[in-house]
Amino acid sequence: MKAFLKTLFGDAGTVTVVALVMIAETALTAIGQAGLGAFLIPIAVLAGVARLATR
Amino acid sequence: MLDWTVVTAAFLTAAVEWVEAFTIVLAVSLSIGWRAAGGAALAALAVLAVMTVATGGVLNLGLEVRWLQLAIGVFLLLFGVRWLAKAVARGAGMKAMHDEAEIFAETRAELSRGDRSASWLIAFKGVLLEGLEVWLIVAAFGLHGRAWISSGAGAAAALVVVLAAGLAVRAPLTRVPENAIKFVVGVMITAFGTYWTFEAVAGERAWPFGDLSLLALAAFYALGGLSLIALIRRTRPVGATA
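Quick note, the sequences are listed as chains A and B, same order.
According to the numbering used here, the first sequence is numbered sequentially starting from -8.
According to the numbering used here, the second sequence is numbered sequentially starting from 101.
Careful: at least some of the hints might be erroneous.
[To be verified] Restricting the straight-line Cα-Cα distance to at most 20 Å, the calculated cross-link-like pairs of lysine to aspartate or glutamate (EDC-like) are:
| id | chain 1 | residue 1 | chain 2 | residue 2 |
| --- | --- | --- | --- | --- |
| 1 | B | 225 | A | 2 |
| 2 | A | -3 | B | 202 |
| 3 | B | 195 | A | 2 |
| 4 | B | 195 | B | 206 |
| 5 | B | 225 | B | 206 |
| 6 | A | -3 | B | 103 |
| 7 | B | 225 | B | 202 |
If you are wondering where the hints come from, they were derived from the structure by calculation, not from laboratory data.
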């Protein structure tokens, strides 16, 4: 079961990165800055990739 | 009519996973023979085929596309950032370029502790878990423009190619340029995941250039990934681990 969940969701670091991206998407939309999100979200995702690659 | 973009994306993604699944089956076959190991792999593939057909049926029930995009987009991001990060770490010299030799050795060590039925289960579980990622990609790419046949055909073609190559050499397929494929697929999946999740959250006007934004996202992640590799190489000695 643990292996199944890890295959599906990845490790804690990956889940954290994607959760933070989703929170950012929701927050930017909620405050009416979705237009800004189109530029900020990809940068946030790439920052997450950098964090995961260097840990 | 096949959508060749989807076929190619599904083929590349599935090929990486099938190579890993084949490595596990190969290791098990040395313990319990090709027939039993192949049977376990076939049983796992049958489960995956049923899951794929069932998923296609569920998605064709007319559920609201926005929620499907969000759910599948999240999974694509989970896979995409993981793959891209791994490809960047390998490209920067922080990880070994291939998993196959390690997977092969680990599986052999695991087998030495178990009996015949445990060995069968190892092959079944290995193919099922690697295949789960293929199933998700087939579902995700299939959802895009309802390209089920293209998506499934890409994954099935990858299975045939990997199987043929694997049976020809009967050794772990370490010559497959796995990291390059992982990087390209990681870029594509991350671009799709970003696009779909944000469109699902913020609405259709989230992306200023519509579908063309997908290409911009892919280019951004590709250049960003390559820049990260160069940056990490400069700041960390090759072979260093965090």
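Holds or violated: residue 225 of chain B to residue 206 of chain B, with C-alpha atoms at most 20 Å apart: Since the Cα atoms of residue 225 of chain B and residue 206 of chain B sit roughly 14 Å apart, the hinted pair holds (cutoff 20 Å).
Pair hint residue 225 of chain B and residue 202 of chain B, alpha-carbon separation not exceeding 20 Å: Distance of about 17 Å is within 20 Å: holds.
Hint check: residue 195 of chain B vs residue 206 of chain B, CA-CA at most 20 Å. Holds or violated? Holds, because 17 Å separates the two Cα atoms, which is no more than 20 Å.
Pair hint outcome, residue -3 of chain A versus residue 103 of chain B [Cα-Cα no greater than 20 Å]: violated (31 Å)
Between the alpha carbons of residue 225 of chain B and residue 2 of chain A, is the straight-line distance 20 Å or under? Satisfied, since the Cα-Cα distance of roughly 19 Å is no more than 20 Å.
Satisfaction of hint between residue 202 of chain B and residue -3 of chain A, Cα-Cα up to 20 Å: Distance ~19 Å between residue -3 of chain A and residue 202 of chain B Cα, so the pair holds.
When you check the alpha-carbon spacing of residue 195 of chain B and residue 2 of chain A, does it fall within 20 Å? Given that 20 Å is the threshold and the Cα spacing comes to 17 Å, the pair holds.
Going down the numbered hints, you'll see the structure goes against just number 6.
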